[in-house]
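Participant: Given the structure of chain A, go ahead and fit chain B onto it with the hints provided.
As you go down the protein sequences, you meet chains A and B in turn.
Counted from 1, the first sequence has number 323 at position 222 by my numbering; the numbering is strictly sequential.
Counted from 1, the second sequence has number 1590 at position 246 by my numbering; the numbering is strictly sequential.
Everything labelled a hint here was simulated from the structure, so no lab data went into it.
This one's a predicted model, so the numbers in the text were calculated from it and none came from an experiment.
Each hint should be verified, as a subset may be incorrect.
Partial chain B-side listing against chain A, Cβ under 7 angstroms, derived [claimed, not checked]:
#  : residue
1  : Met1406
2  : Asn1480
3  : Phe1485
4  : Pro1486
5  : Arg1487
6  : Leu1488
7  : Val1489
8  : Leu1493
9  : Tyr1581
10 : Ala1599
11 : Ala1601
12 : Asn1602
13 : Ile1619
14 : Ile1623
15 : Leu1624
Derived coverage of chain A by chain B (criterion: at least 3 residues anywhere in the stretch with Cβ under 8 angstroms from a Cβ of chain B; other residues may be distant) [to be verified]:
#  : region
16 : 120-127
17 : 130-139
18 : 373-379
19 : 387-401
Beta carbons are placed, not taken as given, at the ideal position from N, Cα and C, and that holds for glycine.
Chain by chain, the residues:
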Amino acid sequence: MKLSAILPVARVLRRELAVTALLLLGVSMVVFAVLYLAPGDPLNVLLEGQSPRAQTAAREAMGVPHTWYARYGAWLSKVLQGNFGNSVRTGLPVLPELARVGVNTLVLTLGSLFLTLLIAVPIAVHAAVNGDTPGNTAATVAAYVLSAVPVFWFGYIVVYVFIHQFGMFPLLSGTAAKQPHAWLYFLVPIFVLGTASGTLSELIRHLREELSRVLSEDYIRTARAKGAPVWRHAFKEGFLIPVTEIMSAKIPFLLGGAVIVEQVFNWPGMGRMAWQAAQDRDFPVIMGVALVAAAFVRTGNLLQRVIFTMVNPRASKQ
Amino acid sequence: MSTRRFVQTQGPIGEFSALPLLQRAEARDLLCAGYGLLIVALVLASYLMGALGWLPHDPREMNVGLINAAPLTPGHLLGTDFLGRDLQARLILGIQAYFLPGLLAIAIAVVGGSVLGVLAGYRGGWVAAIITYFDNLLDSFPRLVLILLVIAAFKADIYAIMIVVGITGMPETANLIAGKIAFLKQKNFIEAAHALGLPAHTVILKHILWLNCRAVLVIQATLGMAEAILVETSLSYLGFGVQEPTPSWGNMVQAGANYFLQGNFWPSTAPALLILATILGFQLLGDGLNNMLEGKRRRS
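With the rest of the complex left out, here is chain A (with noise of 0.2 angstroms):
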């Protein structure tokens, strides 16, 4: 790579982080803001009761800051230290457990998202390239259809045809994962997820628009005129942008869709933790999803934003 290749990266790399970082504190403000804010913590059931002077000496003698902006700053650091406190519930911390099922939403997720494209990016490409056919108008009709299905229903419509037609169970809990070919109980969450969340019809539709405009500018003719392969001058601006910028833009999507699918497929991710954790109101743990989460999706927005400056380096001077 030339170093006139890397600049404008490296360039683009260091705003996209400080925006990163800058947004990052923002969500850590909010999910605390959300749970200061929420009436009665774990000292006010200890506390019932007591005289207010003695609360007050209580909370001082155990260490809890009086002012929010002092509580803040002690949770914050001790999050950027990786000490995300314990679960109410269970008494565990929460960092690892939180490592331990995010990798699961993780698979789930980017599973999904590899199928989406999977499903989509031929329906896209064709309609893009040929116009309306009979084909692909159905092809885009059924995935607008399939999208607006809600999710928990196409799970047991899923599980019923697994249980009835191949006599097993699709759940990865218990003995499921003892059985041969448990492997594929990976998979059919993955497909849940994958068909029914909504960012299939998207990705055809944006897909198919941006791609359509591209192959209509002046210099795609010029390239067709030439005998030149259309396909590689095409292929950045008309395929590569657009699906990235729908994937980065569909990550929160697929998250919230996997809390609904790990429900419905007992898959043991961050979803059902959050779920789990709104139940009990188990403020460690809902704050730790949701930190992660938002970190998961600033992630694959500065993902997305190397690849846009690297397919146009112009990008990075505005």
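Facilitator: Chain B alone, transformed into the frame defined by chain A:
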């Protein structure tokens, strides 16, 4: 930072067509919008039926002798659920769970989004930078995770949840409005209005929002309702929000799940199909209106 900030949108200005809207529009868009309008009318009518208590059957009356009855059972047009309650009445009543909360969410998203969009587009500069930051901040959270956070903190009810949905919907509207204003500023009428000495609020409210942005706002409201229904049904499926015995389409799907896996599909499928048809209706209405009014689809 995402790349779709302040993209110029093509607007009706500069490409007026002499033909009336209905003749100009493509058949596909008319079909989508027509289906969407039908769904909106049905939802509205059913909401009123539920609100006024004009139900075909008492939704709470259980009939142990008639559990999970199929559709077209005498007395129960759409069958019964696992407690023998009339499904049709419960489906109609399920609209109560999201209708008013959904309106609250889209009101917040549209009003708040307009304010932010006007500030960003009209003022620009550091106001726009702050709004972009706020937008990216809200985009960083998976919506459902943010909602679960709020539920954990406040034991939030559905209205509080819909306030969160509305706030997270604001940036999208704000971006569209800001982009629209950036586009309108190239036209001279805003400058002309200022030169005429019209006060800023007249220019913003009348010339920008009412005359040039109302289509965008209606479209955003429509798409926002689809979003609100999705969130409400997902949450009540997960066991938050509306609780049994109050019906919501989400908790009805959940309640029918065990019977679904035994092969009794209907009690779970009926609400699921309604969720599908309704969300699709609002989305297609939004998309169809977008193509017709905003001319998003290029014909080249």
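Participant: Next step is simple, just say for each hint if it's right about the structure.
Facilitator: Consistency of the hints with the structure:
1. Because the closest C-beta pair between B:Met1406 and chain A is about 24 angstroms apart, greater than 7 angstroms, the hint is violated.
2. Annotation: interface hint on B:Asn1480 holds; nearest CB of chain A at approximately 6 angstroms, less than 7 angstroms.
3. Because the beta carbon of B:Phe1485 sits about 6 angstroms from the nearest beta carbon in chain A, less than 7 angstroms, this interface hint is met.
4. Evaluation of the B:Pro1486 hint against chain A yields a held restraint, the C-beta minimum of about 4 angstroms falling below 7 angstroms.
5. The interface hint given for B:Arg1487 holds, since its Cβ lies 5 angstroms from the closest Cβ of chain A, which is under the 7 angstroms cut-off.
6. The closest approach between the C-beta of B:Leu1488 and any C-beta of chain A is roughly 4 angstroms, which is under the 7 angstroms cut-off, so the hint is satisfied.
7. Contact between B:Val1489 and chain A, as hinted, is supported at the beta carbon level, the nearest pair being about 5 angstroms apart and thus within 7 angstroms.
8. The criterion of a C-beta within 7 angstroms of any C-beta in chain A is met by B:Leu1493, whose closest approach is roughly 5 angstroms, and the hint holds.
9. The criterion of a C-beta within 7 angstroms of any C-beta in chain A is met by B:Tyr1581, whose closest approach is roughly 5 angstroms, and the hint holds.
10. Because the closest C-beta pair between B:Ala1599 and chain A is about 12 angstroms apart, greater than 7 angstroms, the hint is violated.
11. Look at B:Ala1601: its Cβ gets to within about 6 angstroms of chain A, closer than 7 angstroms, so that hint holds up.
12. Interface hint at B:Asn1602: violated, since its Cβ lies 10 angstroms from the closest Cβ of chain A, which is beyond the 7 angstroms cut-off.
13. With its C-beta approaching chain A no nearer than about 5 angstroms, B:Ile1619 sits inside the 7 angstroms limit, and its interface hint holds.
14. For the restraint placing B:Ile1623 at the interface with chain A, the shortest Cβ-Cβ distance is roughly 5 angstroms, inside the 7 angstroms limit, so the hint holds.
15. Taking 7 angstroms as the C-beta cut-off, the interface hint given for B:Leu1624 holds, the closest approach to chain A being about 4 angstroms.
16. Counting residues of the region 120-127 of chain A whose beta-carbon sits less than 8 angstroms from any beta-carbon of chain B gives 5, enough to reach three: the coverage restraint holds.
17. Restraint check on the region 130-139 of chain A versus chain B: 6 residues with Cβ-Cβ distances below 8 angstroms, three needed, restraint holds.
18. Counting residues of the region 373-379 of chain A whose CB lies closer than 8 angstroms to any CB of chain B gives 4, so the stated coverage by that chain holds, three being the minimum.
19. Under the rule that three or more residues need a Cβ within less than 8 angstroms of chain B, the assignment of the region 387-401 of chain A holds, with 8 such residues.
Violated hints, listed in ascending order, are 1, 10, 12; each of the other numbered hints is respected by the structure.
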